[in-house]
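Chemist: Listed here are the chains, written in short residue letters.
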Amino acid sequence: MGQTAVKKRSSIWFLFIGSVLLLVLGSVVFQEKRYAWISFGIAVLACLAILYSFDRRNTHIRRIVLISVMTALSVSGRFLFAAVPAFKPMTAVIVMAGMYFGAEAGFLCGAFTALLSNFYFGQGPWTPFQMVSFGLIGMLAGICHKPLKRSRIALVLYAVFAGAFYSVIMDVWTVLWSQSSFEPKLYAAALLAAAPFTILYSVSNVIFLLLMWRPLGVRLERVITKYNV
Amino acid sequence: MSENQRLLMRLHPVTILCYISVSMGIAMFCMNPVMQGCSLLGAGIFLWMVSEHIVWQRIPVFLCFCLVMAAVNPLFYHNGVTVLFYLNGNRITLEAVRYGLCMSSMLGSVFLWCLSLPGIFTGDRVQCLLGAVSPKAALVCSMTLRFLPMYVRQMEKTKEQQRLLGLYRENALLDRLKGNLKVFAAATTWAFEHSMHTADSMQARGYGTCRRTQYHRQRFKRTDAALCTAIAVLAVTTVIFIKRGKAAMQFYPITDALPLGTESMTAYVCYAVICLSLPFLMAAARIKNHAAGRNR
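Sequences listed follow chains S and X, in order. Under my numbering, the first residue of the first sequence is numbered 1, with each subsequent residue one higher. Under my numbering, the first residue of the second sequence is numbered 1, with each subsequent residue one higher.
If you are wondering where the hints come from, they were derived from the structure by calculation, not from laboratory data. Where a beta carbon is used, it is the ideal one built from N, C-alpha and C, also for glycine. One or more of the hints may lead you astray.
Unchecked claim - Pairs of lysine to any residue residues, derived as SDA-like cross-links and limited to a Cα-Cα distance of at most 20 angstroms, are as follows:
#1 X/K243 <-> S/V24
#2 X/K243 <-> S/L23
#3 X/K157 <-> S/L80
#4 X/K178 <-> S/L80
#5 X/K243 <-> S/W37
#6 X/K182 <-> S/G217
#7 X/K178 <-> S/L211
#8 S/K226 <-> X/M196
#9 S/K149 <-> X/A185
#10 X/K243 <-> S/L21
#11 S/K226 <-> X/D200
As the list claims (entries may be wrong) - A partial selection of chain S residues facing chain X, derived with a Cβ cut-off under 10 angstroms:
#12 L73
#13 F119
#14 V218
Please work from the sequences and hints to get the whole structure.
Modeler: As structure tokens, this is what we get:
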């Protein structure tokens, strides 16, 4: 017990010192691309923070295995629809994971989906951003799981929101990496250029979530009650 | 496995990660044509050595990406004093074009560095790195990678069986969609059940009774320590001399002349040593190998 407390405290210190160092170094050393550097570091630290808390907590092994099952399902979804750009069932599976297994599982499922599928589809400085945005989509689904489980309308609204949210975050990345500062005009242009993709994301999310809601939901419910996860 | 892969396999993943992140990191944050050139050259040779087939697949995409990035800048930024021409009443300036070129080569080199990652960071090396941060996360990753082919196989099996039972027509789109959904649902049920068995057997074998350790073949040897130290020292020197020699150029409103003082030259040399030494070593090994093969 004492040891875990020490570990917990040390990881919090690590994160704290890490973020302070990041800000100071980022603004002093790198004049050019200061924002890109700091935002990249914050994204990495955010993922590390969640990983640390997941690692320290005593999670039941069944839960861990279920998280990897959901991750595998969503990654295979990306493979299945690799030929169609932006039309992917990934987000739907991540949202389902968040809804039924809680916010942390949702975040992990999203983050690992982005990390692992990028090994096949192209790793890059965008990976931490994708991890955070997919993770947050799963996490928010976990936080507001009650209305999502109850009504279809809430689900459709969330699906549209998730598509837009992903686009909005990834366009921040695009602007920060192509310019040394955040230019609202360029951001608006990037959002506009990505609008067809945003619509496709949202539409695919709605379709896949509506398709999966019942069949996958019933099965997840069953696993949870049967095995007491 | 090629000779180059073997050369890389001898290094610890931490060393390679250190090398790539330092080469990429410095190039990303120092806008200077010399640095960008070094980084582009280093990344190109490195990628060529690590995975040759990727180079040919990706070069068209890569060139388009760079050109678009270079073109976007002067269209959106009208700072700078040297006006080349007017487009829709907006100034297109020489400074913005220069900045766009420099920036697109920066993004291009980052793109190339990242393309070489999957060739180096194979499953066991990712496992080794991730396990150092969080063993549980590494466990989730390795389980996911194991489940992927298993699910594909299971879905194929389920599909075959459904087809054999004649449960859906394959010539009707709606029927096929429904059939696929059914297959997916059946396979998920199976996946959940199967995963619970996995979990129970892991528990039965004592998962969670003590700290989780993992075996990997990577060892952090003396060469790795020396290389990491060398990279760190050179990187710090480069950053200091970039600052002192003002090697990071200002593009607006007037582009600085290329800094060529002693201090900035030191920065260039240090950076070139960092990012070019490993690719050149690998290239030399390959050339030697080829020559030996021809003589035989």
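Chemist: Hint by hint, say whether it matches the structure.
Modeler: Verification of the supplied hints:
A C-alpha spacing of about 16 angstroms is found between X/K243 and S/V24, which places the hinted pair at or below 20 angstroms, so the restraint holds. Restraint check for X/K243 and S/L23: satisfied, since their Cα atoms lie roughly 18 angstroms apart, inside the 20 angstroms limit. For the proposed pair X/K157 and S/L80, the alpha carbon gap of about 16 angstroms is at most 20 angstroms, so the pair holds. Note on X/K178 and S/L80: the hinted pairing holds, with a Cα-Cα distance of about 16 angstroms set against a maximum of 20 angstroms.
With a CA separation close to 17 angstroms, the supplied pair X/K243 and S/W37 stays within the 20 angstroms bound. Between X/K182 and S/G217, the direct Cα distance comes to roughly 14 angstroms. Compliance with the 20 angstroms bound is thereby established for this hinted pair. Distance check on the hinted pair: X/K178 and S/L211 sit about 10 angstroms apart at the alpha-carbon level, within 20 angstroms; holds. For the hint pairing S/K226 with X/M196, the CA-to-CA distance comes to about 10 angstroms; that is within 20 angstroms, so the pair holds.
Under the criterion of a C-alpha separation no larger than 20 angstroms, the hint pairing S/K149 with X/A185 is consistent with the structure, at around 18 angstroms. A distance of roughly 18 angstroms separates the Cα atoms of X/K243 and S/L21; the hinted pair therefore holds under the 20 angstroms criterion. As the CA atoms of S/K226 and X/D200 are separated by approximately 13 angstroms, the hinted pair is consistent with the 20 angstroms bound. Hint on S/L73 holds. Least Cβ distance to chain X is approximately 7 angstroms, under the 10 angstroms limit.
The interface hint given for S/F119 is met, as the beta carbon of that residue sits about 5 angstroms from the closest beta carbon of chain X, less than 10 angstroms. A cut of 10 angstroms between beta carbons decides the hint on S/V218: the least distance to chain X is about 9 angstroms, and the hint holds.
In terms of the numbered hints stated before, the structure departs from none.
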